[in-house]
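Protein chains in written order, with this note's numbering: chain S, 13 to 435; chain C, 13 to 435.
Read the hints as simulated data drawn from the structure, not as lab findings.
Accuracy of the hints is not assured; some may be wrong.
[Said to hold, decoys possible] Below are the EDC-like pairs computed for lysine to aspartate or glutamate, each with C-alpha atoms no more than 20 angstroms apart in a straight line:
1. S:96 to S:68
2. C:96 to S:94
3. S:96 to C:212
4. S:232 to C:213
5. C:214 to S:94
6. C:96 to S:68
7. S:232 to C:212
8. S:148 to C:213
9. S:232 to C:94
As the structure is a prediction and not an experimental result, all values here were calculated from the model.
2 protein chains.
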Amino acid sequence: MSTSTENILSVSMIVIGDEILNGRTTDLNGSWLSKFLFKKGLELKSLRFIRDNIEEINNALTAAMDESDVIITSGGIGPTVDDKTKITLANFFGKKLIERNDIADIVTENYLRFGRIWARESNFYHFFPEDFIGIKNPKGLAPGIGYYSPDRKLVMSAPGVPREFMAMVDEEFYPLIKKYFGGRLKENFQTVIRTQGVPEEKIFFELCPNLWSQLEIFGKVSSLPHTIGIDIVVSYQGNSEIHKEKNEQIKKLIMSTPIAENVWQWGNTPVNELVLQKAKNKKVTFGFAESCSGGLTSSKITDLSGSSEVFFGSIISYDNSIKVKVLGVNPETIKNFGAVSIETAKEMAEGALKVLKTDYAVSTTGIAGPTGGTAEKPVGMVAIGYASKNKSGAFLFQFPGDRIRLKERFSDKALLTLLELME
Amino acid sequence: MSTSTENILSVSMIVIGDEILNGRTTDLNGSWLSKFLFKKGLELKSLRFIRDNIEEINNALTAAMDESDVIITSGGIGPTVDDKTKITLANFFGKKLIERNDIADIVTENYLRFGRIWARESNFYHFFPEDFIGIKNPKGLAPGIGYYSPDRKLVMSAPGVPREFMAMVDEEFYPLIKKYFGGRLKENFQTVIRTQGVPEEKIFFELCPNLWSQLEIFGKVSSLPHTIGIDIVVSYQGNSEIHKEKNEQIKKLIMSTPIAENVWQWGNTPVNELVLQKAKNKKVTFGFAESCSGGLTSSKITDLSGSSEVFFGSIISYDNSIKVKVLGVNPETIKNFGAVSIETAKEMAEGALKVLKTDYAVSTTGIAGPTGGTAEKPVGMVAIGYASKNKSGAFLFQFPGDRIRLKERFSDKALLTLLELME
Chain S
13 MSTSTENILS VSMIVIGDEI LNGRTTDLNG SWLSKFLFKK GLELKSLRFI
63 RDNIEEINNA LTAAMDESDV IITSGGIGPT VDDKTKITLA NFFGKKLIER
113 NDIADIVTEN YLRFGRIWAR ESNFYHFFPE DFIGIKNPKG LAPGIGYYSP
163 DRKLVMSAPG VPREFMAMVD EEFYPLIKKY FGGRLKENFQ TVIRTQGVPE
213 EKIFFELCPN LWSQLEIFGK VSSLPHTIGI DIVVSYQGNS EIHKEKNEQI
263 KKLIMSTPIA ENVWQWGNTP VNELVLQKAK NKKVTFGFAE SCSGGLTSSK
313 ITDLSGSSEV FFGSIISYDN SIKVKVLGVN PETIKNFGAV SIETAKEMAE
363 GALKVLKTDY AVSTTGIAGP TGGTAEKPVG MVAIGYASKN KSGAFLFQFP
413 GDRIRLKERF SDKALLTLLE LME
Chain C
13 MSTSTENILS VSMIVIGDEI LNGRTTDLNG SWLSKFLFKK GLELKSLRFI
63 RDNIEEINNA LTAAMDESDV IITSGGIGPT VDDKTKITLA NFFGKKLIER
113 NDIADIVTEN YLRFGRIWAR ESNFYHFFPE DFIGIKNPKG LAPGIGYYSP
163 DRKLVMSAPG VPREFMAMVD EEFYPLIKKY FGGRLKENFQ TVIRTQGVPE
213 EKIFFELCPN LWSQLEIFGK VSSLPHTIGI DIVVSYQGNS EIHKEKNEQI
263 KKLIMSTPIA ENVWQWGNTP VNELVLQKAK NKKVTFGFAE SCSGGLTSSK
313 ITDLSGSSEV FFGSIISYDN SIKVKVLGVN PETIKNFGAV SIETAKEMAE
363 GALKVLKTDY AVSTTGIAGP TGGTAEKPVG MVAIGYASKN KSGAFLFQFP
413 GDRIRLKERF SDKALLTLLE LME
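With the hints as constraints, model all of the structure from the sequences given.
What follows is the structure, given as structure tokens:
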């Protein structure tokens with residue numbers, strides 16, 4: 013860790029609620045906040061998940077106040093009895109809970125946004141700690157809670173419901189951070205090099221043993237395994253000029269190493285977004301024939317707004333009968349080479365091109381496991397086919413991982429194949 | 013929070029690494045561990061995400077040792093220079109890093125499992141703190157790190173790569189916990205009631221104002237908003253007898269309230285698993301015609317091993333041309349009623365049934381946003397169609413949320429529709 017982070021405005025997040033610690037829900041707010049703060053140039057110093065319990069909230073607050081300028085909490089501010097955040101914060105800062113008309117106004121406004129009338133007797137939203145800041149809720153009913161302490165720490169609490177949390181942080185908390193700490197906001201930058209086809213150890217111990225220390229000249233270096241390869245990340249502060257300059261120098265360095273040919277992206281755009289951008293730029297359409305990826309490739313594309321302009325659809329041919337009847341794969345091909353084969357993958361892609369009437373089609377057929385693998389065709393094997401007006405073909409790959417991870421890898425590899433196909 | 017948790021063996025987890033805090037990766041280990049520990053009857057007391065920095069690791073260790081019996085860390089034990097966990101743990105407990113032959117044996121074995129030969133000079137895996145426990149890595153190369161301290165705390169460190177972390181916790185850490193704390197392991201139970209169609213506030217303030225306190229007699233109560241409704245959860249310790257008894261009493265109580273008709277599941281099985289179980293039990297096949305859910309419904313089914321027995325495939329008809337040409341929807345239907353209509357949804361389901369030759373088919377057509385909404389058909393509106401040999405039809409629903417959340421809701425609602433269809 014470099015010393016460059018010492019002056020950055022730092023944030024600690026506390027996620028309050030039993031449901032994540034006991035495995036009932038998966039957190040979305042923490043991972044969203046980490047991305048949000050990074051872009052805004054703030055450092056997320058720590059992220060704590062604690063139970064909805066006064067003692068633990070107090071301990072976490074004490075530690076967070078000690079290490080950071082801004083403390084953001086999520087959860088525990090709803091109308092039910094297990095929501096303890098407001099009263100705990102009030103006690104923590106020695107403030108009384110009082111009936112406040114300004115908060116009642118915010119609650120009334122929150123309700124009105126949903127076309128509803130709030131009645132004071134229906135809940136305790138307007139009982140609020142004295143001197144605390146009432147915060148609008150752009151996407152829900154419960155008001156957010158803010159407090160700027162005498163020792164210049166800004167504590168803010170949002171609901172745990174992700175859409176409410178995210179809107180409140182973006183539209184209400186961030187302006188408050190700017191109000192109290194505006195002068196200290198700086199920007200963070202990263203240079204990201206995304207590789208495929210070489211394991212992490214091989215990159216840094218065999219192929220490029222000096223790369224790590226050479227990169228450290230530019231900033232903090234990390235190496236991150238992703239679905240279809242290793243991402244090398246160099247982080248530093250500065251401005252867009254410095255970012256551009258370092259980007260170029262790092263690219264020059266990487267191009268002089270043996271892993272240059274394994275780089276599939278100089279940047280950090282998810283592969284589904286790259287596919288969508290390229291298809292829109294080239295004004296071409298595409299679709300998939302998915303077997304082992306089971307709909308995930310299509311789902312990754314349709315996660316993106318605007319995908320309907322270029323993505324026509326897919327045939328999920330999980331059963332071989334669909335491969336034959338809908339995609340027109342020759343039953344002899346499946347009989348002779350197997351459903352998981354470059355021959356079948358190629359015919360699936362060709363069939364999808366024809367049925368969907370798109371400019372490009374990519375297919376997946378493989379073994380996601382845990383059952384169904386053989387010595388010859390083990391779990392993790394996938395054939396990816398491609399087809400366009402001018403050409404068609406397929407490749408065979410072998411990936412590690414469990415079923416969920418393999419579906420991720422199969423679909424990302426299919427998207428990468430489509431990206432290369434559109435070049 | 014009830015006092016029942018005081019004697020439970022408690023665990024604190026520390027996730028070490030910059031990549032999660034700066035938003036580069038989304039954590040999988042923490043949410044997996046929370047589920048794993050809950051099933052095993054251990055309490056995950058807290059979950060901390062910190063940077064790969066000696067001071068912060070020390071602070072987190074101090075706090076975790078203070079609150080829990082078992083401390084699990086992930087990340088920072090690989091071969092690269094930014095992996096600081098081992099040396100930090102050694103210093104924390106005042107142990108020297110020494111060259112250990114027993115650890116070299118574990119590393120050799122880890123490598124052999126991948127068909128590789130480990131050379132001592134290739135890295136520092138075998139430099140290990142004196143008195144520490146070397147732990148096998150069932151799915152990777154780096155050995156895990158364990159230490160049972162004089163004050164009876166068990167600290168264990170696994171790699172951050174999810175498949176390695178999960179295998180090591182399951183196969184190596186849990187046996188160590190049993191070895192040192194076996195007598196204190198107890199079981200946790202939950203009674204889960206999953207509802208749909210009524211907002212949280214309406215349940216607890218309007219329809220059943222006494223329900224919360226009535227449920228508290230049985231244990232700790234939580235109310236958790238999920239994609240298609242509110243889950244009510246009652247948690248308690250005990251044995252399977254007590255679990256069965258409380259389940260029945262709680263069911264009886266709920267059945268006497270107005271929300272009885274909104275319960276879609278007495279239990280906690282994900283809707284995709286329920287669909288798969290029911291289809292297998294009834295020996296029926298199914299498929300989907302997905303528009304707005306864009307492949308996610310199919311992907312949720314194919315996430316499950318064994319789905320190929322009953323799930324034949326889907327037509328992702330994102331573009332209207334696919335609805336017409338592949339599914340056989342009458343273009344007049346789309347022209348007269350729109351692509352998002354019960355009429356189109358019904359024809360999509362009927363078309364899928366015919367094309368896929370399955371016993372059941374369910375369709376989705378809606379507006380995932382953020383663009384494409386109108387006053388008449390706003391973002392979040394979805395028509396879900398169904399078809400079987402005997403009947404077909406469609407329903408119209410309106411959901412809140414952003415694009416990703418709406419896709420989740422559309423697909424879960426489609427799965428629930430299929431579940432009811434198979435009744």
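Taking the hints in turn, this is what the structure says about them:
1. Using a Cα cut-off of 20 angstroms, the hinted pair residue 96 of chain S and residue 68 of chain S holds, with the two alpha carbons roughly 11 angstroms apart.
2. Our distance criterion of 20 angstroms between C-alpha atoms is broken by residue 96 of chain C and residue 94 of chain S, whose separation comes to about 39 angstroms.
3. Using a Cα cut-off of 20 angstroms, the hinted pair residue 96 of chain S and residue 212 of chain C holds, with the two alpha carbons roughly 17 angstroms apart.
4. Simply put, residue 232 of chain S and residue 213 of chain C have alpha-carbon atoms about 47 angstroms apart, too far for the 20 angstroms limit, and the pair is violated.
5. Our distance criterion of 20 angstroms between C-alpha atoms is met by residue 214 of chain C and residue 94 of chain S, whose separation comes to about 17 angstroms.
6. With a CA separation close to 28 angstroms, the supplied pair residue 96 of chain C and residue 68 of chain S exceeds the 20 angstroms bound.
7. Using a Cα cut-off of 20 angstroms, the hinted pair residue 232 of chain S and residue 212 of chain C is violated, with the two alpha carbons roughly 46 angstroms apart.
8. About 19 angstroms separates the Cα atoms of residue 148 of chain S and residue 213 of chain C, which keeps this hinted pair within 20 angstroms; it holds.
9. For the hint linking residue 232 of chain S to residue 94 of chain C, the alpha-carbon distance of about 9 angstroms falls within 20 angstroms, and the restraint holds.
Of the numbered hints given earlier, the model fails hints 2, 4, 6, 7; all others are met.
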